[in-house]
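With the hints in hand, could you dock these two chains into one complex?
Going down the list, the sequences are from chains A and B.
Here the first sequence stands for residues 1 to 340, where the numbers follow our numbering.
Here the second sequence stands for residues 341 to 782, where the numbers follow our numbering.
Possibly wrong hints are sitting among the right ones.
[Claimed, not checked] Once the Cα atoms are required to be at most 25 Å apart in a straight line, the calculated DMTMM-like pairs of lysine to aspartate or glutamate come out as:
#, chain 1, residue 1, chain 2, residue 2
1, A, Lys266, A, Glu243
2, B, Lys364, B, Asp382
3, A, Lys266, B, Glu487
4, B, Lys383, A, Glu240
5, A, Lys340, B, Glu389
6, A, Lys266, B, Glu517
7, A, Lys208, A, Asp166
No lab work stands behind these hints, which were simulated from the structure alone.
Since we're looking at a predicted model, the values are computed, not measured.
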Amino acid sequence: MAIKTIVEALREAIAEEMRRDPRVICIGEDIGVEGGWGGAFTVTLGLAEEFGHERVLDTPIAELGLAGVAVGAAIGGLRPIADVQYGDFLFLCMDMLANQAAKMRYMSGGTLTVPLVMRAPVGSTRRGAQHAQSLEAFFTHIPGLKVLAPSTAYDAKGLLKSAVRDDNPVIIFEHKVLYGSKGPRAVEGAISAAGEVPDEEYLVPIGKGVIRRPGRDVTIVGKLLTVYRAMAAAERLAQEGIEAEVIDPRTLVPLDKELILESVRKTGRLVVVEEDNLTGGWAGDIAAMVAEEAFFYLDAPIKRVSAPDVPAPFAPVMEQFYVPSEERVIEAVKWVMGQK
Amino acid sequence: MATEVLVPPLGATVDTMTLVKWYKEVGETVTQGAALFALETDKATLDVEAPASGVLRQIMAQPGDAVKALTPIAVIAAPDEVLAPSTPAAKPAAVAEPGVAAPPGPSPSPSQAARPAGGRVFISPRARRLAEQYAVPLEALSPSGPESAIVERDVRAYLAAQPTPAITPVARRMAEEAGLDWRQLTGSGPAGRIVQEDVSRAIEAMQPAPPVLSPVNEAIQTIPLRGVRGVIAERMARSNATTARVTLTAEADATALVALRQQLTQDGVTVSYNDLFLYILGRALREHPQLNASLEGDTIQVWRRIHIGLAVDTDRGLLVPVVRDADSKGLLQLARETQTLVERARSGQCSPAELSGGTFTLTNLGMLGVDAFTPVINLPECAILGVGRIKVKPVMVGERVVGRHMVWLSLSFDHRLVDGGPAARFLQRVTQLTERPHLLLA
Numbered sequence: 001m002a003i004k005t006i007v008e009a010l011r012e013a014i015a016e017e018m019r020r021d022p023r024v025i026c027i028g029e030d031i032g033v034e035g036g037w038g039g040a041f042t043v044t045l046g047l048a049e050e051f052g053h054e055r056v057l058d059t060p061i062a063e064l065g066l067a068g069v070a071v072g073a074a075i076g077g078l079r080p081i082a083d084v085q086y087g088d089f090l091f092l093c094m095d096m097l098a099n100q101a102a103k104m105r106y107m108s109g110g111t112l113t114v115p116l117v118m119r120a121p122v123g124s125t126r127r128g129a130q131h132a133q134s135l136e137a138f139f140t141h142i143p144g145l146k147v148l149a150p151s152t153a154y155d156a157k158g159l160l161k162s163a164v165r166d167d168n169p170v171i172i173f174e175h176k177v178l179y180g181s182k183g184p185r186a187v188e189g190a191i192s193a194a195g196e197v198p199d200e201e202y203l204v205p206i207g208k209g210v211i212r213r214p215g216r217d218v219t220i221v222g223k224l225l226t227v228y229r230a231m232a233a234a235e236r237l238a239q240e241g242i243e244a245e246v247i248d249p250r251t252l253v254p255l256d257k258e259l260i261l262e263s264v265r266k267t268g269r270l271v272v273v274e275e276d277n278l279t280g281g282w283a284g285d286i287a288a289m290v291a292e293e294a295f296f297y298l299d300a301p302i303k304r305v306s307a308p309d310v311p312a313p314f315a316p317v318m319e320q321f322y323v324p325s326e327e328r329v330i331e332a333v334k335w336v337m338g339q340k
Numbered sequence: 341m342a343t344e345v346l347v348p349p350l351g352a353t354v355d356t357m358t359l360v361k362w363y364k365e366v367g368e369t370v371t372q373g374a375a376l377f378a379l380e381t382d383k384a385t386l387d388v389e390a391p392a393s394g395v396l397r398q399i400m401a402q403p404g405d406a407v408k409a410l411t412p413i414a415v416i417a418a419p420d421e422v423l424a425p426s427t428p429a430a431k432p433a434a435v436a437e438p439g440v441a442a443p444p445g446p447s448p449s450p451s452q453a454a455r456p457a458g459g460r461v462f463i464s465p466r467a468r469r470l471a472e473q474y475a476v477p478l479e480a481l482s483p484s485g486p487e488s489a490i491v492e493r494d495v496r497a498y499l500a501a502q503p504t505p506a507i508t509p510v511a512r513r514m515a516e517e518a519g520l521d522w523r524q525l526t527g528s529g530p531a532g533r534i535v536q537e538d539v540s541r542a543i544e545a546m547q548p549a550p551p552v553l554s555p556v557n558e559a560i561q562t563i564p565l566r567g568v569r570g571v572i573a574e575r576m577a578r579s580n581a582t583t584a585r586v587t588l589t590a591e592a593d594a595t596a597l598v599a600l601r602q603q604l605t606q607d608g609v610t611v612s613y614n615d616l617f618l619y620i621l622g623r624a625l626r627e628h629p630q631l632n633a634s635l636e637g638d639t640i641q642v643w644r645r646i647h648i649g650l651a652v653d654t655d656r657g658l659l660v661p662v663v664r665d666a667d668s669k670g671l672l673q674l675a676r677e678t679q680t681l682v683e684r685a686r687s688g689q690c691s692p693a694e695l696s697g698g699t700f701t702l703t704n705l706g707m708l709g710v711d712a713f714t715p716v717i718n719l720p721e722c723a724i725l726g727v728g729r730i731k732v733k734p735v736m737v738g739e740r741v742v743g744r745h746m747v748w749l750s751l752s753f754d755h756r757l758v759d760g761g762p763a764a765r766f767l768q769r770v771t772q773l774t775e776r777p778h779l780l781l782a
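The shape of chain B in the complex, shown without the other chains (with noise of 0.2 Å):
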């Protein structure tokens, strides 16, 4: 196989050099170890070796010549061994002297002409980062390292060699604590020094950007905080502002009340959770009656009858429609009139009586997938229950797991009129009753 004899590079500045000499002529034999052609540098004249035995067959320099290190100069090949004619050996790899017309086509750069032949020069990944780091164009390096890589020193000396702009200690010591590279920068100081006002831009600079801000939003709808909307954005801002609210929150086993509510549809009494809830609180409210109150002024009423007001969401927002006597009414009546009272609600037909004197609120959300929530509670009245999705989940009953129909319930209440105490009691019970109706008869 063919020996492409490379001129060897001596030292890492001397790139170009002179072939003084072949000691070989083209055709005849030489032997690996023995002098092949003597090179002169700047410093002094040295011999280098051939790198193979065979016979010379190729050569691309002559005496006077001025070379580059690292391109090939000469082939040793077998006697009768056939070169490919896109051997590189074709190739001139003389500098062509000044005056010299150009050969037609791009010139290729001085630091392209310095690599090996063959196209593909390797590089370390320790000089591949240190050269990103630099923004060394890896082109301009002369390969040093082991199977001509492209090694660190390469990099480095490179960069030694780029000319280093003068600057000011202060601004060095500034660039250095920041991590920046001075180098790359402009001065702007006397005869281009580069002073600390060039460092401190160049650092700030390096900051991250700040995050680009979307241009201003359009609204596509304007509401006017008016009329429904304006009364529920009044009063919850008043509630969340003035009550010390406070949400317990109990999960019940619904099994039964499921049961019951697929019995009586069964047996022909439709009705729904929110009923059979009213219907729960009612009892409820009767036993605890100090969660059945309202601030008043400076004093807290209690009051005897149990209205109970049932959230519903419309189109032009949420109405809370009240049931009166919500503890005397049958399930079915209590089923009735809540229909009703929806049906009123949501085609804007309630009256205000009808949506006002509740002492007692039933938020429901269950159908919306709502597991637990923080009801706001709707004022004066003390306390708001809210009802979550009844899901079927593994509960350990006794020693075993069984699929239970489970609900979270969660009671706000404000603090200022009745305490944990007597309110969790109150959830208790109301929990009690969701997981044991058949306690509602007795």
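Just chain A, same shape as in the assembly (with noise of 0.2 Å):
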């Protein structure tokens, strides 16, 4: 056992799997050049050296091509794990992703399978808007895409695992401020979401939430950065006397709704939090499912703590009025508490 930040933890897991079963490859820009970074966050650092750059494949900046080229290796019997440098770029790839990954399996009767793995990096992290995105709403909202979500060290290996593993395409979103990148590529104002990595295998399973705090109250749900933000909320209102519950989803499709439900069944309220912007958003999603399958054990409306409806600042300054704050959760929770 080891403390591990989200890329070691990462990066391990893809070199665990590359070993284990030849056909899974990497494909991605500047994952493997050599005095690169390693992907544009240092996951892919060193495996072109031990794999070889057949199975570290660099290819031009052009995603549409290289998640062609993933989806068709996929189908052809190969476990790729494709790389876009920012999540932002999943839009070049987008046809490849949602016509094509997400619905081959479904059209083909099951003949075909399509074993993708998707990594993108979410979040603002002052590079602007284009470089900025929480995309997860997008890919949640397409049948035959699994999407996961890891906020830990340990969660992140063991979903990446079992993502290799998955006959069906799986989309898995990584936070920059939560990756613990070093060196060049270290992110101001970082998180750390290192953890305790077992040395043994394990699988993290998709699919499963867990309860990252109990509490009586309330229940918050966060994903990725906001599951930090709803813990550091969570404290400071326990000063209080509010006890809230923090959930962590894990994955955002297939959804532990029954994780979710039955919090809420016990604390009356919810409260969503999310990095994306308010309207079409994964929260609103969350909040729809919980009105009409728990609306009788609601005490107070649902809230939603979201980025507002404009593009991500590149401002500092500004950015800390988008993404969602410690204290717009509190705000939340205490009106929801019915204290405001």
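Here you go:
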């Protein structure tokens, strides 16, 4: 057992899966070039040395092309782990992911499978509106894709390994602030998501959420960075006698609905926190699901704490207003508690 | 837009407070967040901030007045704003002191007075569920949730404020195990204590009431069990009680039989399906004599002659006139005889001789839309054949699905007299003759 960052845990997961299964390959931009960073955030650093450039494939800056190659490779029998430097570039891959990868198994009556893993960094980190979005909701909307959002090093490794072994296309969103990238790729304002990662092999099942903090008064659901915002808010609220239960679904599709419903049935209040823009976001979907399935257990209207409906700002001061803060979570909790 | 200033709820227990002073006078400018008035609770004196900026246009209470939480106490509005006359601000918010004459008309209940102006109060789904569970009147609740909605804690506060009756520990455990809200019970023990008997009575009352029994029914007709009815009753019961009845069913393709009957009709020979089955049965029974038998005391009599009874539904009940020597008669003769017998049976003219001596029975419910059934054996005979309706159904013929006239044949036999094998072979032969009536010529 050793303390590892998310980047280290992901790198270890990829290396282990590549050693275990010769069909596993990496494909992406600048993931294995000599003297490079190992992808945009150092996840694939050193993998080309061990596995060679045949299995750690660098592509031109052409996301549609690399996604198409990865989807084709997956259909053809390989198990590619593809990588875009910033999740924002997934829009360039959209046809491959939404029209091809997600639908092939269904349309072929199960004859074809697409065991593709697409890794995508998300989150606002002072890089401007085209390198900052939280795109999860775009992909939770597409049937046929599994969508993962690990917020700890332990989950990052266990979920990525499960994703590689899954026969369906899996998108795994990684948060830049939580990565723990070092050297030139270190992120300002990073939060440590490092934690103990077992030396022996383990998997984290896709579709199982966790309660990060138990509480009786209000349920806060967050993902990626906002799990940490929710935890920090919960600590401060506890000093005022409000016990918040913080849920990290870890997997967005398939969603561990029962974990959330069970919690709301207990607390009667729900606050959903996410970094995506408010309208059409994932938080709204969680709120709708709870309103439909646990309405009579609700003791207050559901509150969403999301980014406002504007592009992510570049200016650090403005970014503070954009990304949901601990204070905004506290405010929302107090409102549903009837204290405001 | 005018802002109504409400007396804030200062804790769950404080309902009525005393207005100490106003920091502003009517007509003065107020700023949101600045102290507007002071309230005294039983514990402390607190300043209340103005909820909006504007001009203090109205006040509804004077220092020294008792005021209730969540009632309007002032109105803040723009200097030139016209206040609607219907603004609840016009209503007095101060609690009437004892001795002060009540305003005319129905006086509002204290709980109603505690509700915010505007009439409509929201309640969370969770609170509503709890309130319904404990039959809490919603108008008795003081809202404290978001947007001044009633939430769970308001219902719980109300319940907690209700005097809790005393209860013995054993009674309490019993009530809790049964999911009974014992706070609603009236105690019959010493000093009004709720005791075990009170709880068991309440638990009994919780049980769903037994279904209400309809009053005793009234007969519209009383029929003595004698005559034909008596005979039928006795024979059916005895048959059912004494025979080892087994019913075999087989579906036969009667298309050829239907065609044959049409052909005969066209050629001037009018016969019924009963006549055709009597004809078939006569021939089949000749080949399978074990089915043409009766149990007489300790012996099985296998009969030489074949007399087939035909079950006839009459106004007086079921009658079974017997067609003698059915195996040796032509179709036309069978048709004539059955027609006569059925008519005589229906008009009650059958002689006892015509109704006895059968060795096998044919019963046909096809004209009434019955497909298959389990006929009761006509004692002392060995067997009875039930014929169902002839119906066109899709049937596989070779590789194709075609419409065919299908009929269910139900053979009940007494297993004491004959075994399943011979009975099945007999039914197989009847089925074959039904499907291929030309074999009757062979």
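Results for each hint:
1. Lys266(A) to Glu243(A): Holds, at about 12 Å.
2. Lys364(B) to Asp382(B): holds (24 Å)
3. Lys266(A) to Glu487(B): holds (22 Å)
4. Lys383(B) to Glu240(A): Given pair Lys383(B), Glu240(A) holds - Cα atoms ~21 Å apart, limit 25 Å.
5. Lys340(A) to Glu389(B): holds (14 Å)
6. Lys266(A) to Glu517(B): holds (21 Å)
7. Lys208(A) to Asp166(A): It holds: about 15 Å lies between the C-alpha atoms, which stays within 25 Å.
Checked against the numbered hints above, the structure breaks none of them.
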